[in-house]
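Novice: The lines below spell out each chain.
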Amino acid sequence: MAPDLRKQVAIIGAAETDTVGVIPDVSEIQLHANAARNAIRDAGIDKNLIDGIASAGQSPVAVADYLGIVPQYLDGTSVGGCSFMIHVSHAVAALTAGYCNYVLITHGESGRSRVGKGGFGGGASSIPGQFEAPYGTFGAPSQFPVPIVRHMQKYGTTEEQLAAVAVSTRAWAAKNTRAMMRDPITIDDVLNSRLISWPLHLLECCLVTDGGGALILTTAEKARDFKKPPVYVLGTGESCEDVMVSTMHDFTESRSFKTSGDRAFRLAGIERKDVNHLQLYDAFVHTPMYALEALGFVKPGESGPFFAEMRGAPGGELPVNTNGGGLSYTHTGMYGMFALQESVRQLRGEAEAQLPNVKISLAHGPGGMFSAAGTVIMTNQG
Amino acid sequence: MTTRRQRALPQPTPETQPYWDGCKQHELRLQYCNDCKAFFFYPRAFCPTCLSDNIEWRTVSGKGTLHTYVISQRPAPGFEDEAPYVIAVVRLNEGPHLMSNIVNVEPKPENLKPDMPLEVIFAEMNETITLPRFQPAKGA
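Protein chains in written order, with my numbering: chain A, -11 to 370; chain B, 8 to 147.
Do not rely on the hints blindly, as some may be mistaken.
Stated by the list, open to error - Derived pair list, reagent style DSS-like, types lysine-lysine, alpha-carbon separation capped at 25 Å:
#, chain 1, residue 1, chain 2, residue 2
1, A, 142, B, 120
2, A, 246, A, 287
3, B, 70, A, 142
Derived from the structure by calculation, the hints contain no laboratory data.
Full structure from sequences and hints, please.
Specialist: The structure is reproduced here in structure tokens:
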């Protein structure tokens, strides 16, 4: 029985930009911001209460960062002119589900003057195009590892600890016949591999592969009618932080990971110790380290020792990336789907490196360079 | 047959133009919110913390510290002659942090200690665009 959503959600603020027509002196992202500020004033709401954001054209990450908003709900559905109707539709579900309390939906488009046009990745007039690309950023390896030195400086994290993530993950890949890289490696192998973007070497960067994945979801009631044992969604989280890695608030932690993880655990109603299996998106070796800390499985600064002591490796206390991860299994570009697939396999008992007694699995990943985050906690216990 | 791709250069927008105009005059300029009593970066038409219009551009010292960095081995288009090169986050003495390159120092970890003092220098890329880059502070 679906919940009755009628009249459960209301619009409390609505406004356009000060003028509409020809606005050659305002960029597209600023048009989003100007409309947003007018709506905030129309509602009379404290900006800091807004914890959900939806936009099309410009990404909700860019809009949230521009307005200094910390969301725990994001909707970047961008399917054309009706996107904002769909944002309202999704916001009704999100608000009634307790994902967040206040959703801001923005539109801004420099359709005539074409000042600072948006689009994925952005051009030379986008914020990253102006304030990162001119310094020679060139793909993820030149940007994603930027925070690591600060983690090393604050916690004494070492290059050997970083390398241990690759060693641990490869040990899982060795058990997975579908993995691209299966030969066991050592810390020395990792540190002697080609330097890509100091402090990271080739074996500390994910693979670049082809592949795909898909999921089908339905209600728990209907799920019983199908042939595979259901994998139930216990809780989900999402957030975003920066439109550029260089504007992260604190380079020793991921705020978006933490916000996303906190929501997922709040909705799941479980403790960290209840989780048996982790799939932590590993674009680079430090990504699962930041996740392990932000999600609360270890204290800040303790992810280096965790991996160096092989506590996430085969035989360890909390298995991490049992498919071999993006580092050794596969990484198509947007790897998150594969993290989810392995969580499902472990919960169904279908994994190649099957763990005993998995009841709860968590899959978590970033979007962009710590720009966004998503978390899904799943269980096989009906 | 290869086509050498152009180096990425910023295309200013109305909100960011004063920043780039400052660089062209070899001045690093940041926006300051008179209500929050704090600088912010990147440029916006109002304060991202309190949404106030009560903001102004101020020329800042160009001094800061090395906050974090990578030494990128693979050159971006136009950086072929510079690789390996340092892509860093500089924490300015006025508070905000921004991405830049660290130049005039051999790009090795032992030469690039976190929190080392830096100072801005300006690199004129063409008639309209000048980039702020940083080097180890003189006399530090």
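Novice: Determine which of the earlier numbered hints do not hold for this structure and return their numbers in increasing order.
Specialist: Violated hints: none; all satisfied.
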